[in-house]
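Protein chains: 2
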Amino acid sequence: MSNKKIKVYRDLMGENQKWATKTRELLKNKNISMYNFIGSPGAGKTSLLEKLSDLLKDTINFAVLEGDIATTKDAERLDNKNIPVSQLLTNGSCHLEAKLIHYALLDFPIDTLDMVIIENVGNLVCPAEFDVGEDLKIAVLSVTEGEEKPLKYPLLFTEAKAIVVTKTDLLPHIPFDMNLCIDNIKKINPNIPIFPVSVVHNTGMSEWVYWLKELTKK
Amino acid sequence: MSNKKIKVYRDLMGENQKWATKTRELLKNKNISMYNFIGSPGAGKTSLLEKLSDLLKDTINFAVLEGDIATTKDAERLDNKNIPVSQLLTNGSCHLEAKLIHYALLDFPIDTLDMVIIENVGNLVCPAEFDVGEDLKIAVLSVTEGEEKPLKYPLLFTEAKAIVVTKTDLLPHIPFDMNLCIDNIKKINPNIPIFPVSVVHNTGMSEWVYWLKELTKK
Chain G
1 MSNKKIKVYR DLMGENQKWA TKTRELLKNK NISMYNFIGS PGAGKTSLLE KLSDLLKDTI
61 NFAVLEGDIA TTKDAERLDN KNIPVSQLLT NGSCHLEAKL IHYALLDFPI DTLDMVIIEN
121 VGNLVCPAEF DVGEDLKIAV LSVTEGEEKP LKYPLLFTEA KAIVVTKTDL LPHIPFDMNL
181 CIDNIKKINP NIPIFPVSVV HNTGMSEWVY WLKELTKK
Chain Y
1001 MSNKKIKVYR DLMGENQKWA TKTRELLKNK NISMYNFIGS PGAGKTSLLE KLSDLLKDTI
1061 NFAVLEGDIA TTKDAERLDN KNIPVSQLLT NGSCHLEAKL IHYALLDFPI DTLDMVIIEN
1121 VGNLVCPAEF DVGEDLKIAV LSVTEGEEKP LKYPLLFTEA KAIVVTKTDL LPHIPFDMNL
1181 CIDNIKKINP NIPIFPVSVV HNTGMSEWVY WLKELTKK
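Protein chains in written order, with the numbering used here: chain G, 1 to 218; chain Y, 1001 to 1218.
No lab work stands behind these hints, which were simulated from the structure alone.
Take these hints with a grain of salt, some might be off.
If you want the ones that stay clear, here's a sample from chain Y, every Cβ over 12 Å from chain G, calculated [to be verified]: (1) Lys-1028; (2) Lys-1099; (3) Asp-1131.
Calculated cross-link-like contacts (lysine to aspartate or glutamate; reagent style DMTMM-like; alpha-carbon spacing at most 20 Å) [claimed, not checked]: (4) Lys-1073/Y with Asp-177/G; (5) Lys-28/G with Asp-131/G; (6) Lys-1161/Y with Asp-1135/Y; (7) Lys-1022/Y with Asp-1111/Y; (8) Lys-1028/Y with Glu-1214/Y; (9) Lys-1057/Y with Asp-1079/Y; (10) Lys-217/G with Glu-25/G; (11) Lys-217/G with Asp-58/G; (12) Lys-99/G with Glu-25/G; (13) Lys-1051/Y with Glu-1214/Y; (14) Lys-1073/Y with Glu-148/G; (15) Lys-51/G with Asp-114/G; (16) Lys-161/G with Glu-129/G; (17) Lys-73/G with Asp-1177/Y; (18) Lys-28/G with Asp-107/G; (19) Lys-1161/Y with Asp-1183/Y; (20) Lys-1073/Y with Glu-147/G; (21) Lys-73/G with Glu-1148/Y; (22) Lys-73/G with Glu-1147/Y; (23) Lys-1099/Y with Glu-1015/Y; (24) Lys-22/G with Asp-131/G; (25) Lys-73/G with Asp-1183/Y; (26) Lys-1073/Y with Asp-183/G; (27) Lys-161/G with Glu-147/G.
Okay, the calculated beta carbon distance ranges per label pair [what the hints assert, rightly or not]: (28) Thr-1203/Y with Tyr-210/G: 34 to 44 Å; (29) Asn-1191/Y with Tyr-210/G: 48 to 58 Å; (30) Glu-214/G with Tyr-1210/Y: 50 to 60 Å.
Yeah, the Cβ is synthetic: ideal placement off N, Cα and C, and Gly gets one too.
Use the sequences and the hints to build the structure in full.
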């Protein structure tokens, strides 16, 4: 036997998929829906969740898994809303993986829940590549990012099953063309529902919340 | 010899570092400065480069390497400014690597250049991990992303040697606290120069351009 060192490549995606499948079975058994919110840093994911907690609190019992590289700032914001929330720190990694999600779910009072929302690490690229056992991925895009982002980051906008376009209150102050943005999205994902919203002005929220409730109802 | 398939793990970071070192030698020999601009999707990196091309055109000869996952939209914008620009498409990958940068540099009219700017893939996480042979990394953060981003994405804001805070023209319309943002940056990188700018209103640009010129002057 030679003593040459052979580096072994572990099939990490296979390992991730195993945990995603396990999570999907768990959620099915418990009749819980799980959505994976993915968007850039500062797209307004946490603000959207704060607003959802106000709008859904009497109809859907939900918990949040907050993904971040460092700090517990987002989880603290949601904790103020009195919803179950856990902070998942990736310690440098650019996305959440299925195993961490699975264990965090087991620590929730899972039998009381209808829905779990994952706020993934702020990143338009890597989180889209990982199945974490969610029912579906939802893309969050702010108008300040520009109309061309769906074309420049095609994986997420192809994988997503809905797109929330945030910060529409800023439209009077920026040269963003909503119709062009929608055309760009339709080029890569023709039938996807698109929800332009402003959390600050509370516009567009009822359509978006209605869609989410219909998807989640028992 | 067994026919068991052994997967081989290539030391990719070592490979990357080899190309980064090679690039650094090339740039030193040619007396060219190279800066790696890193920020979120929509932070305003391309607009900043368009503006730089106007402000620097008579003093510094520079070229741009445009990193994107898909589309040549950003390179087209800069091509309109008549500066040498190449589009580097990563085909799904979330960051630029040193080998691609090296070969793209060799294709430029390199003896005519004083400076090369890399616009990395829009991502606050992964591009910060890769040395591509640059002199230094410059973080680009827009005010619409929020004051806490330097704490939530500490690697980039620690690695960076300057921070440009963009879109300050939007400050009257959003609850962004510039002093808090600067305090957050100083917590992880106490002496870093910070340049708040608006490309639209052309404010803060002269300090930022002065700093860049001083750094680059021959």
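Structure-based check of all given hints:
1. Once the 12 Å rule is applied to beta carbons, Lys-1028/Y is consistent with being away from chain G; the minimum gap is 30 Å.
2. Annotated as non-interface, Lys-1099/Y keeps its C-beta farther than 12 Å from every C-beta of chain G; the closest such distance is 20 Å.
3. For Asp-1131/Y, the non-interface assignment is confirmed: its Cβ lies about 16 Å from the closest Cβ of chain G, beyond the 12 Å cut-off.
4. A C-alpha spacing of about 16 Å is found between Lys-1073/Y and Asp-177/G, which places the hinted pair at or below 20 Å, so the restraint holds.
5. As the CA atoms of Lys-28/G and Asp-131/G are separated by approximately 16 Å, the hinted pair is consistent with the 20 Å bound.
6. As the CA atoms of Lys-1161/Y and Asp-1135/Y are separated by approximately 10 Å, the hinted pair is consistent with the 20 Å bound.
7. At most 20 Å may separate the alpha-carbon atoms for a hinted pair to count; Lys-1022/Y and Asp-1111/Y meet this at roughly 17 Å.
8. Restraint check for Lys-1028/Y and Glu-1214/Y: the C-alpha separation of about 17 Å stays at or below 20 Å, so the hint holds.
9. Restraint check: the Cα-Cα separation between Lys-1057/Y and Asp-1079/Y comes to about 14 Å, which is no more than 20 Å; the hinted pair holds.
10. Between Lys-217/G and Glu-25/G the alpha-carbon distance is near 18 Å, which keeps this suggested pair within the 20 Å criterion.
11. For the given pair, Lys-217/G sits about 13 Å from Asp-58/G by alpha-carbon distance, which is consistent with the 20 Å threshold.
12. With a CA separation close to 14 Å, the supplied pair Lys-99/G and Glu-25/G stays within the 20 Å bound.
13. Restraint check for Lys-1051/Y and Glu-1214/Y: the C-alpha separation of about 18 Å stays at or below 20 Å, so the hint holds.
14. In summary, the hint linking Lys-1073/Y to Glu-148/G is supported, as the alpha carbons are separated by about 8 Å, within the 20 Å threshold.
15. For the proposed pair Lys-51/G and Asp-114/G, the alpha carbon gap of about 18 Å is at most 20 Å, so the pair holds.
16. Between the alpha carbons of Lys-161/G and Glu-129/G the distance comes to roughly 14 Å, so the proposed pair stays at or under 20 Å and holds.
17. Taking the CA atoms of Lys-73/G and Asp-1177/Y, the gap is about 16 Å. The hint holds against a cut of 20 Å.
18. With a CA separation close to 17 Å, the supplied pair Lys-28/G and Asp-107/G stays within the 20 Å bound.
19. Between Lys-1161/Y and Asp-1183/Y the CA atoms are separated by roughly 16 Å; this keeps the pair inside 20 Å, and the hint holds.
20. In summary, the hint linking Lys-1073/Y to Glu-147/G is supported, as the alpha carbons are separated by about 12 Å, within the 20 Å threshold.
21. For the hint pairing Lys-73/G with Glu-1148/Y, the CA-to-CA distance comes to about 8 Å; that is within 20 Å, so the pair holds.
22. Restraint check for Lys-73/G and Glu-1147/Y: satisfied, since their Cα atoms lie roughly 12 Å apart, inside the 20 Å limit.
23. Distance check on the hinted pair: Lys-1099/Y and Glu-1015/Y sit about 9 Å apart at the alpha-carbon level, within 20 Å; holds.
24. Annotation: proposed proximity of Lys-22/G to Asp-131/G holds, straight-line Cα distance about 12 Å (limit 20 Å).
25. Of the pairs offered as hints, the one joining Lys-73/G and Asp-1183/Y holds, with about 16 Å between alpha carbons and a cut-off of 20 Å not exceeded.
26. For the given pair, Lys-1073/Y sits about 16 Å from Asp-183/G by alpha-carbon distance, which is consistent with the 20 Å threshold.
27. Our distance criterion of 20 Å between C-alpha atoms is met by Lys-161/G and Glu-147/G, whose separation comes to about 19 Å.
28. Distance hint check for Thr-1203/Y and Tyr-210/G: the Cβ-Cβ separation is about 43 Å, which falls inside the suggested range of 34 to 44 Å.
29. Checking the proposed 48 to 58 Å range against Asn-1191/Y and Tyr-210/G shows it holds: the Cβ atoms sit about 51 Å from each other.
30. Taking 50 to 60 Å as the suggested C-beta distance range, the pair Glu-214/G and Tyr-1210/Y conforms, at roughly 56 Å.
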